[in-house]
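Chemist: Sequence:
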Amino acid sequence: MALANRSISLTLLDKVNVCLEDFGDHVMHLVFDVQGKVDIKRLQQAIQLSLTQHPIMSMYLEMSGLQPRWVFHNKQTLSQLTLCELVSGVPPQSAIDEFMLKTFDYQRVPMVNVRVIRHNTDTICIKVSCVPIDGRGFLIYVEDLLAIYEELRLNPAYRPHPGTLEQRSTKALVSYFKIPDVFALLYYGLRHQITDSRTAGNWQVPCNISSELKPTYYCHQCAPGTLATLNLFRKQYQLSFNDVLLGAYYLALYEWIQPQSDGPFCVLNTYDLRRYEADNAPDRVANYSSFINSNIVLQPNASLLQAALAVRDAVGQRKHHFPGITEGPFIWPLLTFLPFKLGSAIVKFLLKHRGEKIPVFTNVGVIPIARMLVNGKPIRNVRPYAPLEFPPKLTVTLATSGDIISFSVGYSENHFPTDRIQQLFKRMEQLIRATCTNPATEVA
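Just so you know, we're using our numbering here: the sequence shown kicks off at 12 and counts up by one.
Calculated from the structure, these hints are not laboratory results. Any given hint could turn out to be false.
[Claimed, not checked] Estimated spans, in silico, between C-beta atoms of each pair:
| no. | residue 1 | residue 2 | range |
| --- | --- | --- | --- |
| 1 | K437 | K368 | 39 to 45 angstroms |
| 2 | K225 | E96 | 22 to 28 angstroms |
| 3 | S105 | G47 | 46 to 52 angstroms |
| 4 | Q91 | F194 | 51 to 57 angstroms |
| 5 | F360 | P270 | 44 to 50 angstroms |
| 6 | Q204 | D273 | 45 to 51 angstroms |
| 7 | K363 | S90 | 38 to 44 angstroms |
| 8 | R17 | C218 | 40 to 46 angstroms |
[What the hints assert, rightly or not] Below, computed lysine to aspartate or glutamate pairings styled on EDC-like, alpha-carbon distance capped at 16 angstroms:
| no. | residue 1 | residue 2 |
| --- | --- | --- |
| 9 | K352 | D33 |
| 10 | K225 | E96 |
| 11 | K113 | E96 |
Glycine is no exception: its CB is placed at the ideal position from the N, C-alpha and C atoms.
Modelling step: build the complete structure from the supplied sequences, incorporating the hints.
Modeler: Encoded structure:
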């Protein structure tokens, strides 16, 4: 590997994600069933080769010095690591839960680990660190990993084309911005920062007091047909998929929290910086996703249509005002010009000061199951799992696979009862199905 003897600097979003490790486990999981049995030896080989195709996954963080660096693991050490394990003879869900709660030292092992659970079918669980990649990058990585596995089935001598690290840099986006954008970014960034500081305390998800963390993951899959009815509804009212889902999240949270304030109410949303790129831009296993806040006013009897329209206007206004994240202009100098220990301490303080009060809704996008093959057949029963956030933070992740919409969350059961989490997701689905099937109906 030509790159193996050097290190590289972190992108701004990498540095932000290092800071975010203090607020949760900061790992993502994808769980799915396959048809036929998995060849464990071949999957292990595919994972090793994927580290060549996506070299960032084979690196670790060196935290010494003024700024952290990405450093390659020793090639010989990598070749001796077992990155895939087979588990059988235990209840499948127990094996899944145990793997998701298992921690790895990413200073010593690559950023990916896999478990295969053998029962009446084979289930694959993939775990990655969130520091080097975002949700969309994770899906790109899994698709490429499975493609390597399939190529090895047809040709054991197959080797993927080695990847580079240059595509990870957010400098690739510079050409899409103009000089006037800088002034808009600074002006609206400060303006929105002040707005969000004021609205952050208008509501907060109820959280039990407990000194013990009980990590738990939960994934809710909506009934088949929900996606089709939602798409008809959103096209009728010129709404995006995210407008409707985020509107449902707002309403379900409002019923749970029952805030005393009249609002506006703030939610942190996914904001994909790759939207600025041309259609032929390469897929990037990188952190290109940032966040943007939306603030909307809700009434106790608000309909899903009203909430979705309010979300559309709020998010659209922010995207129109400036091309980037609210905190970007302020975090960048802290993490770039100050020693990282000092800069990150300030950023963590700012995140904790306001961020704990704001619910989060992330959208990792469409999981391309038609292109994700194992033994020549598409994967099935796909369950994406969001990172676990330490209470009182609550972060819900949305994904679609085939005709299934999934909501997932990582949380502490001692702080957020599981039945309350389940009720939140069921209510979101109920709002969507009732409203999108009959838009004139007000869902009580």
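Chemist: Each hint needs a verdict: does it hold in this structure or not?
Modeler: Each hint tested on the structure:
no.	hint	result
1	K437 - K368: 39 to 45 angstroms	violated (25 angstroms)
2	K225 - E96: 22 to 28 angstroms	holds (25 angstroms)
3	S105 - G47: 46 to 52 angstroms	violated (23 angstroms)
4	Q91 - F194: 51 to 57 angstroms	holds (53 angstroms)
5	F360 - P270: 44 to 50 angstroms	violated (26 angstroms)
6	Q204 - D273: 45 to 51 angstroms	violated (22 angstroms)
7	K363 - S90: 38 to 44 angstroms	holds (41 angstroms)
8	R17 - C218: 40 to 46 angstroms	holds (45 angstroms)
9	K352 - D33	holds (13 angstroms)
10	K225 - E96	violated (25 angstroms)
11	K113 - E96	holds (13 angstroms)
Of the numbered hints given earlier, the model fails hints 1, 3, 5, 6 and 10; all others are met.
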